Amino acid sequence: MATDLVPEVVQPAAGSSRQASPPKRKRPRRPVPLWRELFRYRWLYLLLLPGLVYFVVFKYLPMYGLSIAFKDYVPFLGYSGSQWVGLEHFRELFTGPDFGRLMFNTLLLALLTIVFVFPAPIVVALLLNELRVNVLKRSVQSLIYIPHFLSWTIVASLTYLLFSVDFGVIANWIHGLVGGQKVDYVAQADWFRPLIVLQLLWKQTGWGTIIYLAALAGVDSQLYEAARVDGAGRWRQFWHITLPAIRPTIVVMAILTSGHLMDSGFEQIWLMTTSLNRDVADVFDTFVYYIGITQGAFSYATAVGLFKGLVGVLLIFGSNWLAKRLGQRGLF
Amino acid sequence: MTILSRRRLAVAVALSTALLVSACSGGDGKEQASADELTVMAPLFGTAPDPNGELQQAVEKQVGTKLKITWVPNAEYGDKTNVTLASDSIPDLMVVNEKSPAFVKAAEAGAFWDLTGKLDKYPNLKPADEQTAKNSMVNGKTYGVYRVRPLLRSGIVIRKDWLAKLGLQEPRTVEDLYTVAKAFTERDPDGNGKKDTYGLIIPKWPGGYGSASPYDVVETWFGAPNGWGERDGKLVPGFDTPEFLAANRWLKTWIQQGLVNPDFATLDSGNWNDPFVQGKGGMIIDVNVRATQLLDLFKEKNPKDFDKVTLVGNLQRADGQKFSYPFTGYSSVIAVSKQHIRSEDQLDQVLQALDKLESKEGSILLTNGIEGRNFKADGKFAVPVNQDDPKVKAIQNDVDKAFIQLGTRASVGLGAYQLRPADPASRAMREKFDVLMAEDLKTAVFNPALGVIAPTQVSKGQTLENIVPDARIKYLSGTITEDQLKAQIKRWYDAGGTQIAQEVNDLAAKAGG
Numbered sequence: 002m003a004t005d006l007v008p009e010v011v012q013p014a015a016g017s018s019r020q021a022s023p024p025k026r027k028r029p030r031r032p033v034p035l036w037r038e039l040f041r042y043r044w045l046y047l048l049l050l051p052g053l054v055y056f057v058v059f060k061y062l063p064m065y066g067l068s069i070a071f072k073d074y075v076p077f078l079g080y081s082g083s084q085w086v087g088l089e090h091f092r093e094l095f096t097g098p099d100f101g102r103l104m105f106n107t108l109l110l111a112l113l114t115i116v117f118v119f120p121a122p123i124v125v126a127l128l129l130n131e132l133r134v135n136v137l138k139r140s141v142q143s144l145i146y147i148p149h150f151l152s153w154t155i156v157a158s159l160t161y162l163l164f165s166v167d168f169g170v171i172a173n174w175i176h177g178l179v180g181g182q183k184v185d186y187v188a189q190a191d192w193f194r195p196l197i198v199l200q201l202l203w204k205q206t207g208w209g210t211i212i213y214l215a216a217l218a219g220v221d222s223q224l225y226e227a228a229r230v231d232g233a234g235r236w237r238q239f240w241h242i243t244l245p246a247i248r249p250t251i252v253v254m255a256i257l258t259s260g261h262l263m264d265s266g267f268e269q270i271w272l273m274t275t276s277l278n279r280d281v282a283d284v285f286d287t288f289v290y291y292i293g294i295t296q297g298a299f300s301y302a303t304a305v306g307l308f309k310g311l312v313g314v315l316l317i318f319g320s321n322w323l324a325k326r327l328g329q330r331g332l333f
Numbered sequence: 044m045t046i047l048s049r050r051r052l053a054v055a056v057a058l059s060t061a062l063l064v065s066a067c068s069g070g071d072g073k074e075q076a077s078a079d080e081l082t083v084m085a086p087l088f089g090t091a092p093d094p095n096g097e098l099q100q101a102v103e104k105q106v107g108t109k110l111k112i113t114w115v116p117n118a119e120y121g122d123k124t125n126v127t128l129a130s131d132s133i134p135d136l137m138v139v140n141e142k143s144p145a146f147v148k149a150a151e152a153g154a155f156w157d158l159t160g161k162l163d164k165y166p167n168l169k170p171a172d173e174q175t176a177k178n179s180m181v182n183g184k185t186y187g188v189y190r191v192r193p194l195l196r197s198g199i200v201i202r203k204d205w206l207a208k209l210g211l212q213e214p215r216t217v218e219d220l221y222t223v224a225k226a227f228t229e230r231d232p233d234g235n236g237k238k239d240t241y242g243l244i245i246p247k248w249p250g251g252y253g254s255a256s257p258y259d260v261v262e263t264w265f266g267a268p269n270g271w272g273e274r275d276g277k278l279v280p281g282f283d284t285p286e287f288l289a290a291n292r293w294l295k296t297w298i299q300q301g302l303v304n305p306d307f308a309t310l311d312s313g314n315w316n317d318p319f320v321q322g323k324g325g326m327i328i329d330v331n332v333r334a335t336q337l338l339d340l341f342k343e344k345n346p347k348d349f350d351k352v353t354l355v356g357n358l359q360r361a362d363g364q365k366f367s368y369p370f371t372g373y374s375s376v377i378a379v380s381k382q383h384i385r386s387e388d389q390l391d392q393v394l395q396a397l398d399k400l401e402s403k404e405g406s407i408l409l410t411n412g413i414e415g416r417n418f419k420a421d422g423k424f425a426v427p428v429n430q431d432d433p434k435v436k437a438i439q440n441d442v443d444k445a446f447i448q449l450g451t452r453a454s455v456g457l458g459a460y461q462l463r464p465a466d467p468a469s470r471a472m473r474e475k476f477d478v479l480m481a482e483d484l485k486t487a488v489f490n491p492a493l494g495v496i497a498p499t500q501v502s503k504g505q506t507l508e509n510i511v512p513d514a515r516i517k518y519l520s521g522t523i524t525e526d527q528l529k530a531q532i533k534r535w536y537d538a539g540g541t542q543i544a545q546e547v548n549d550l551a552a553k554a555g556g
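So the protein sequences, as listed, match chains A and B. Per this note's numbering, the first sequence starts with residue 2, numbered consecutively. Per this note's numbering, the second sequence starts with residue 44, numbered consecutively.
Treat the hints as calculated values from the structure; they're not laboratory data.
List of simulated lysine to any residue pairs, SDA-like, C-alpha gap at most 25 Å:
hint, chain 1, residue 1, chain 2, residue 2
1, A, Lys309, B, Ala538
2, B, Lys123, A, Gly66
3, A, Lys183, B, Tyr221
If we take Cβ atoms under 7 Å as the criterion, some of the chain B residues that face chain A in the derived model are:
hint, residue
4, Leu128
5, Pro305
6, Thr309
7, Thr506
8, Ile516
9, Lys517
10, Ala538
Nothing here was measured: the structure is a model prediction, and the numbers come from that model. A virtual CB, placed ideally from N, CA and C, is assigned to each residue, including glycine.
Isolated chain A, as found in the complex (with noise of 0.2 Å):
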């Protein structure tokens, strides 16, 4: 998904002029009735015509089964069966036990995420960037993104192999260290937070700086040799030519990610998630799974992630409202 941004941002002039031009058309005419209008584009109607359908179908007629979220429902029954609670399941979350500790948990951990997480492909991209010689660059580019062909078992296995308490390397090779009582890393709740960012910071890293190396790939080579002529050091470039160069990229992947802040990352945490660490792992992802699937309770289940999905798409319009407060280019 991310990809397919990268033209948009680095060519904005296409877009612009596309704005610019029906200002230019000679005064306003009679509005042209509608069917007209489809009449003389319907190849182009035509060429639309899947990818509605397939968006209407796939995306938005499975919406109606959130109306579950608002009734008390059991399968057998159906939908149209199943009884009408209104918010009850709405109350239950917010008033419940749970909420603020999967409030909390999903909050602190996007906050790591926007933190260490976020920032970390920019930085190696930007280094990268500076790199002069091209074998070396394209080997390490593609040495770092391997991890992200990893599934999260696989993570989650190697994380227990390396800091298991009994027989984990790394964990073993720390205690040789610093000595003390051994650490047990996997399960402790301290240290639940830490190895969730490091493990998204080895998995993800390498493959977010693709697009920001498609970005610095895109910048005017003459920008550079102007700016040297002129006397502008390494750092002068970077300040003044590559950073600006990639703001509206950052800019857009910030409000992309803003939407998916409360998504932690089911898989992850889950597999992660044990007896000792539940009380920070707890997540509304998680949560969902843990009483949908695990409890059946579908109603309930739906109505936790309708909150969750609400919560996005208002971070989202946020996010994008801010960065137009910014003077940046928002997403729409």
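Given chain A, put chain B in place with the hints provided.
Okay, now just chain B, sitting in the frame of chain A:
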């Protein structure tokens, strides 16, 4: 406009329902004649059988109808059950945990047949044991045919050679057990000169409170109720008793002294046998069958010297009193869905088919296989034959890993041949099972609330389920103090437990009286 949008809505509804139906059941919305084909869902412990395989054909012949069986790996069976219950295609016959909230809800809404009082007509489905029949009920209703398991399977598996090397006796009391664990940890039972062993192996337990975990078994030894117990004329959850705290205080010293594997909170329960076979730990508290499993693993390692395992039953506590941890006597039930089987007549047909499946001939098919192909009868024993033939091997696999799960009486060998253990050590172990079970059954602590399920448990159980087992692990690992453990128990009450306790008392009184 309103008409248009209403029509649109109707189309949308129709479309989405159609999608759901076709996605879930492969497109057949039509009524299914139950006599021609029965759909079945059951757990699987290995590779799924071939639907056209020899064994399935034999079973179909026995039952008299075609079977369309969905085999689901046991590890994800609970999840898959809930997803299936949410779908539009519930199998006609379903192996299911009748106490899970999703099932209770579905059954109470009428998705499954209430079989209360209906099973007596069928000689092979009639409950053989009253206590077990009661255990398998949901608030006085029978929603399925229970699958028999031995009532008392709990025990301690111990490294026999380690005991011998250190000159120790098999433990009889909890004190003895502590002595053994301490010796296994500190006196170098494997003789490698290093202090690299521990006494007891505990895995990360997948179930909640009262799910036959080693913790639950130990608590019962100390006199805590099994799940629910009577105190001052009222039923209370087992964790709200002084015995529960005493047992865990005792276990905590084990963990502090390193007598338990350090990764007890994270060790995958699928790898439970590994440290035992690798000689890292010397004891496992679990079902007795684990003893034969471990024996087989040692045999695989070294066929000449493998008799290294012994099994001990439940233990006395310090004052000499003994309490044994029984199981429910069954594992899941086979429920009949109402989706396709609508009338009493159809139900009768299905139950007749099931009755044939659970007859002596059927049980032999499900437990042993096809006589003359993969086994031959020798008295009351079944002796495997022709095991080198890949086709026979397939039959054996289908029996052991899959079809045995369809037997309501099969897995314990009722109505079928017993498997003759291959070597004297396994044979002795098998015989020990019966001796220990008979012995421990005298002191079994039953759960008086097994047959009831509180409505609040169904609607709110999800937020309560983890509170106590999590707190227990945290207490044992030293993360929280005993006062904090007590606070967590109070939290359970405050978050809805009080209501559950009230309902359980009411329902149990009604069921008992």
